[in-house]
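Asks: Here's the letter readout for the chains.
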Amino acid sequence: MNSNRFAWIANLTAILFAVSLAGCGKSPAPAAKVSHAGADHHAQVADEEEQADPTLTAVTLQLNWFPEAEHGGYFAALVHGYYREAGLNVRILPGGADTPVVQQVAGRAVTFGIINADKILFGRAAQAPVVAVMAPLQVSPRCLIVHKSSGIKDFDDLKNMTLAMSNVDAFANYLRYKLPLPGVKIVPYAGNVAQFLIDKHYAQQGYVFSEPFVARKKGGDPKVLMVSDMGFNPYTSVLITHDDQLEEHASIVRKMVAASVRGWEKYLEEPQQANERIHKMNPEMDLDVLAYGAETLKPLVMDQVAEQRGVGIMTRARWQALSDQLVESKQLKPAQADIAGAFTNRFLRPEERDASRPQTKRE
Amino acid sequence: MIRARNWVLGTMLPPAVFFALVVLLWQLATSVWKLPTYLVPTPLEVFEAGQEHFADLLAATRLTGAGALAGFALALVFGTATGLLFAQSRIIERSLYPYAIFLQTVPIVAIAPVIVMWFGHGFSGVVAVSFILSLFPIITNATAGLTTIDANLLELFEVYDAGALAVLWKLRLPNAVGYLVTGAKISCGLSVIGAIVGEISAGFGSQSFGLGYVITAATGKLDTAYAFAAILCSTLLSLAIFTAVTLLGNWILARWHVSGPRRATVKP
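Taken in sequence, the protein lines are chains A and B.
Under our numbering, the residue at position 281 of the first sequence is numbered 281, and the numbers go up by one with no gaps.
Under our numbering, the residue at position 136 of the second sequence is numbered 136, and the numbers go up by one with no gaps.
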């Protein structure tokens, strides 16, 4: 098989990427990396108990960042045994700065990955055969925080200040393309709120369930501007797999999707156990931040569409809108922009979801 | 004329042929094994990306080059000054040298964000990282050049009752020139690496950007062709700076140093 032959290249590329890009603007303080190494150890200890059962199918799930509330539902499915009930032994691999999730899934180094929708379109444009099978966060948690005292009400008010923002992410390029930003100096995002707290003319990127809370906790007075309010709203923490999996291992994908949806539903109601596991794997994330995160996530997961059609559903219109925005902001060439095959809802249909739940009696 | 043609055939042709061969094999490998773009772009794709983003790449290369040259120039000045200080006494050298080594061993990627906090975002931060990375080879080479002096020559200067300044000016500095040129050759390449690493942490502001930005941004969206084009630009930049330093070094050595390449004009 073609993709297996390339697996080593994918791994090598992954390593090279990780090494060459370590210390990119997005990376947190070195201390976080140390705790991340420790986190691996915890993960292995936890997994060894589960690996004892040979009847389970072993799959790997590569996260796109250090474990956080944005991954909550997947951890809920793990700690509440939904994956095991579905016959899966899921090993969650923590990510970090610039973890090449798309490359790893495309090279079949891992079975599943978590990534945001924009990266899926970029990946497919570069011939990476990855497909979205479920999107828990309907509304992107991406935001900017500014000081309340600055009087800024809207994105158009951003002027004559420092704005710390990733130089890689699609949302940043879109903002840069859309907004005039007069006198705004854009600097790389340092991964914390330290500069924000000391500088009144400073704005920065964040995830709505994390940075605003941390800034407030440390005595700051942040105002949140949601990037989704600007209309740029890619599905977030999307579950992806290799194109070939859809046919070759449809039952595994179906089980994975169903159990993950259950996990997300559980996480919105009862996040404590999942949060404890996240905290164990990423001690940088305090339990109170995670509790706030789970609470803040509710409206992002359960928007109107999800209320009607269930957690994880994706629409063609949303994917098309994202693709159009990436073309408009010159991040994708028109010839590369193609959402056909980028996502599928087929594993989400209610009857299939019920069928894959072991505790639900089949008729 | 003939000499010029021989030079082209002998010096330029072999690496050019090798380059063409590598590009050909690369193109063949990508099409035979159908390697997907997200892993390896084809040479053609890299060329097209370079053509498409030509203006951006040129501006980025210029900016990164300016940062690297500024860092390198600062390293030359401060490195030589530090070498002079170390050459004054053993005690000074022994007490400070470990900290010079510290500069060499500190993982630059890890402390780049801290340096940016001290020196600010933008050009100054980039220059600071480039400076720190390219400083050490200058210090060690300057120190070695100023202190490894033939004992007989030192005695000779003593016999003629030469003062410390005369020893420095007529003996130590000429002796150090060759070492300094070597140090400069090592550290000019490092200065480009420093500028790129610095950019990743420091950035250049909202409108202008250097090669470090282009490389992270392009790899971030799996645009490997554009990333390869930018990497090629940074390599060409290093090569250009290295060539300039080497030519300048040869010229200086030919004039002021015994070890310089001699022209066959002096007949016995």
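Hint data in this document are derived by calculation from the structure and do not stem from the laboratory.
Please note: incorrect hints may appear among the correct ones.
Unchecked claim - Among the chain B residues that face chain A by a calculated CB cut under 10 Å, a handful are:
hint: 1; residue: 39
hint: 2; residue: 43
hint: 3; residue: 122
hint: 4; residue: 124
hint: 5; residue: 158
hint: 6; residue: 222
As the list claims (entries may be wrong) - If you anchor each label on the Cβ, the simulated ranges turn out as follows:
hint: 7; chain 1: A; residue 1: 338; chain 2: B; residue 2: 24; range: 50 to 58 Å
hint: 8; chain 1: A; residue 1: 179; chain 2: B; residue 2: 102; range: 37 to 45 Å
hint: 9; chain 1: B; residue 1: 32; chain 2: A; residue 2: 250; range: 30 to 38 Å
hint: 10; chain 1: A; residue 1: 156; chain 2: B; residue 2: 246; range: 49 to 57 Å
C-beta atoms are modelled at their ideal positions from N, C-alpha and C, and glycine is treated no differently.
Asks: Next, verify each hint and record whether it holds.
Replies: Quick rundown of the hints versus the structure:
no.: 1; hint: 39; result: holds, 5 Å
no.: 2; hint: 43; result: violated, 16 Å
no.: 3; hint: 122; result: holds, 7 Å
no.: 4; hint: 124; result: violated, 12 Å
no.: 5; hint: 158; result: violated, 52 Å
no.: 6; hint: 222; result: holds, 4 Å
no.: 7; hint: 338(A) / 24(B): 50 to 58 Å; result: violated, 31 Å
no.: 8; hint: 179(A) / 102(B): 37 to 45 Å; result: holds, 43 Å
no.: 9; hint: 32(B) / 250(A): 30 to 38 Å; result: holds, 32 Å
no.: 10; hint: 156(A) / 246(B): 49 to 57 Å; result: holds, 53 Å
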